Amino acid sequence: MRRLINQKPSRAAAVALGILPFLLLLLLYMLASEARLAENPNDKLLPAFGSFVDAIDRLALTPSRRTGELVFWQDTLSSLSRLLLGIGISAAIGLVFGIIIGALPLARAKLAPLVTAISLIPPMAILPVLFIILGLGELSKVVLIVIGTAPFLIRDMEARVREIPAEQIIKAQTLGGNSWQIIIRVILPQVLPRLLAAVRLSLGAAWLFLIAAEAIASTDGLGYRIFLVRRYLAMDVILPYVVWITFLAFATDYLLRVLSVKAFPWFHTQADQEQKA
Amino acid sequence: MNVEQQRLKQADKIVSLNQVRTSREEKMSTQPFIRVHNLWKEYQQQVVLERLNTHVEQGEFITIVGASGCGKTTFLKMLLGTERPTRGCIVLEDEPIPDEPNADRGIVFQKYSVFPHLTVLENIEIAGELEHGWLTGRLFGNRKRALRKQAISMLEAVGLGNASKKYPHQLSGGMQQRLAIAQSLLKKPKILLLDEPFGALDPGIRKDMHKLVLNLWREYKLTIFMITHDLHEAFLLGTRLWVFDKVRSDPQAPEAYGARITYDLPIDREDANDFEQLKEQLGDAEIPALSK
Numbered sequence: 103m104r105r106l107i108n109q110k111p112s113r114a115a116a117v118a119l120g121i122l123p124f125l126l127l128l129l130l131y132m133l134a135s136e137a138r139l140a141e142n143p144n145d146k147l148l149p150a151f152g153s154f155v156d157a158i159d160r161l162a163l164t165p166s167r168r169t170g171e172l173v174f175w176q177d178t179l180s181s182l183s184r185l186l187l188g189i190g191i192s193a194a195i196g197l198v199f200g201i202i203i204g205a206l207p208l209a210r211a212k213l214a215p216l217v218t219a220i221s222l223i224p225p226m227a228i229l230p231v232l233f234i235i236l237g238l239g240e241l242s243k244v245v246l247i248v249i250g251t252a253p254f255l256i257r258d259m260e261a262r263v264r265e266i267p268a269e270q271i272i273k274a275q276t277l278g279g280n281s282w283q284i285i286i287r288v289i290l291p292q293v294l295p296r297l298l299a300a301v302r303l304s305l306g307a308a309w310l311f312l313i314a315a316e317a318i319a320s321t322d323g324l325g326y327r328i329f330l331v332r333r334y335l336a337m338d339v340i341l342p343y344v345v346w347i348t349f350l351a352f353a354t355d356y357l358l359r360v361l362s363v364k365a366f367p368w369f370h371t372q373a374d375q376e377q378k379a
Numbered sequence: 003m004n005v006e007q008q009r010l011k012q013a014d015k016i017v018s019l020n021q022v023r024t025s026r027e028e029k030m031s032t033q034p035f036i037r038v039h040n041l042w043k044e045y046q047q048q049v050v051l052e053r054l055n056t057h058v059e060q061g062e063f064i065t066i067v068g069a070s071g072c073g074k075t076t077f078l079k080m081l082l083g084t085e086r087p088t089r090g091c092i093v094l095e096d097e098p099i100p101d102e103p104n105a106d107r108g109i110v111f112q113k114y115s116v117f118p119h120l121t122v123l124e125n126i127e128i129a130g131e132l133e134h135g136w137l138t139g140r141l142f143g144n145r146k147r148a149l150r151k152q153a154i155s156m157l158e159a160v161g162l163g164n165a166s167k168k169y170p171h172q173l174s175g176g177m178q179q180r181l182a183i184a185q186s187l188l189k190k191p192k193i194l195l196l197d198e199p200f201g202a203l204d205p206g207i208r209k210d211m212h213k214l215v216l217n218l219w220r221e222y223k224l225t226i227f228m229i230t231h232d233l234h235e236a237f238l239l240g241t242r243l244w245v246f247d248k249v250r251s252d253p254q255a256p257e258a259y260g261a262r263i264t265y266d267l268p269i270d271r272e273d274a275n276d277f278e279q280l281k282e283q284l285g286d287a288e289i290p291a292l293s294k
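Chains A and B supply the protein sequences, listed in that same order.
Oh and the first sequence: position 79 is 181 in the working numbering, straight run, nothing missing.
Oh and the second sequence: position 133 is 135 in the working numbering, straight run, nothing missing.
Since the hints were derived computationally from the structure, they do not count as laboratory data.
Source: prediction; values computed, not measured.
Glycine included, each C-beta is placed from N, C-alpha and C at the ideal position.
Misleading hints may appear alongside valid ones.
Computed beta-carbon distance windows for the label pairs [to be verified]:
#1 PRO230(A) to TRP136(B): 44 to 52 Å
#2 GLY175(B) to TYR131(A): 53 to 61 Å
#3 ALA351(A) to LYS113(B): 35 to 43 Å
#4 TRP136(B) to LEU163(A): 27 to 35 Å
#5 THR88(B) to LEU357(A): 54 to 62 Å
#6 ARG145(B) to GLN109(A): 57 to 65 Å
#7 LYS151(B) to SER281(A): 24 to 32 Å
#8 LEU129(A) to ALA202(B): 32 to 40 Å
#9 LEU137(B) to GLU171(A): 28 to 36 Å
#10 ASP210(B) to LEU303(A): 27 to 35 Å
#11 THR371(A) to TRP136(B): 29 to 37 Å
#12 LEU137(B) to VAL117(A): 25 to 33 Å
#13 ALA194(A) to PRO100(B): 29 to 37 Å
#14 GLY161(B) to ARG104(A): 42 to 50 Å
When the alpha-carbon atoms are kept at most 27 Å apart in a straight line, the in silico DSSO-like pairs for lysine-lysine are as follows [claimed, not checked]:
#15 LYS146(B) to LYS364(A)
#16 LYS79(B) to LYS192(B)
#17 LYS209(B) to LYS190(B)
#18 LYS213(B) to LYS146(B)
#19 LYS168(B) to LYS189(B)
#20 LYS223(B) to LYS113(B)
#21 LYS167(B) to LYS190(B)
#22 LYS167(B) to LYS364(A)
#23 LYS213(B) to LYS364(A)
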């Protein structure tokens, strides 16, 4: 018998082992739901799967009687556009300021303390300020995501820029490059894949701020819907929405990873090699 | 006693045995290529280099040895422009050396000298593009085609003709150093600085690299400064060997005095027996660098 730390599952076994906990959870839910419904058919806490199907059919496939929209898709579209706009602006800010602060010591002296201070403000604490200044429209929600994620991205990009070996920067100077050329030909291409990695990490926070902003002041969106139906204990809507949000989060993460592998092959093969070594 | 100190001691012996040592300064013409004038380098209380005075002519291949921390790399950095002298100056062709790196002085470090996000060919091309494509750092059209031709012939010159589409991490250490050298050479630098370029390579590959560097040095009529830990390498490649060491030392305050060039030794490559003779006189066992 080999030691436990040396026992590795085969590929098929790994997949099976990965799926197993999900199946167990699902089974557990079904058993619990059935037990509760047997006692009280009107129980709302753990609805049967049939109720989920009904709810999804009502929200996703039948136009709303009030507005004529497909509520579920409208919510998804609103939330995703806010999220992508927010994270996109954050990534752009993170990239530009991260490179400026990381590459130019003069800018670092000026801006780094400010960025550090801003990054320490709890974004939720200034949400009311955003509502007061920017109103309850789309802008305040997007700005909350930006405020919540941009400081992290700036600081991460700065760290990544400063990780580039000084030898490379010196070498680029001996090849005749000026500051601008070195930034766009040596620094920028090397931090882009790292920006994608940082964006993937900050997506969790972005969702958090999105749902929070939608819960407080909104007229559509996934977060808005969950908090709206909460007052009717409508678990048959809330749970499918949560699963859908989880799937969307997974899908964006996956797409970013694929994009990174496709766009920056050198980065990923290099990382693989370092892992093996 | 560590290996380095041993090697330095041996260098000492070699020098004392070498009766033909000449004073270079007497032979110098009036306008030396590089003039080091009363050079000092201090970090706060610590004196690293003191009173360096020397001349270097175009086409010399200077190999620099010395214990770690004796200022070899500091001296190279001052030539490169990333460190400034505390006192004195280095003059290159009548102009003081600028205090930041530029295309006059090429450098090859022990590692990290090539760009990981560019292919081998792109790594060479960027050397031509940085200076001319002022907005994008790139060249296009005819100029790009001309540059590519030049880059390919440079790759062939250093033996990387077949690897042009690979990324640096797919290359061996020796090939990466070939690439780094080729990058520098494309700029036709007035001086080429090598900071232990072969320190991380296997002995066999190192031998190939020696051949390559000597060929390029002849072909491009380069002036080279090379730091090495390997005395054998220093003798093999250089036309002139410098040993950096402290002349004075105060045991109570080891940082009070800096290193100087204690030996400035011409190596006559025409008389290949020179080194062999020294080796014989000293006996093989005395030079660990040789028995490797």
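Violated hints - listed by number, lowest first: 4, 8, 9, 10, 12, 18 and 23
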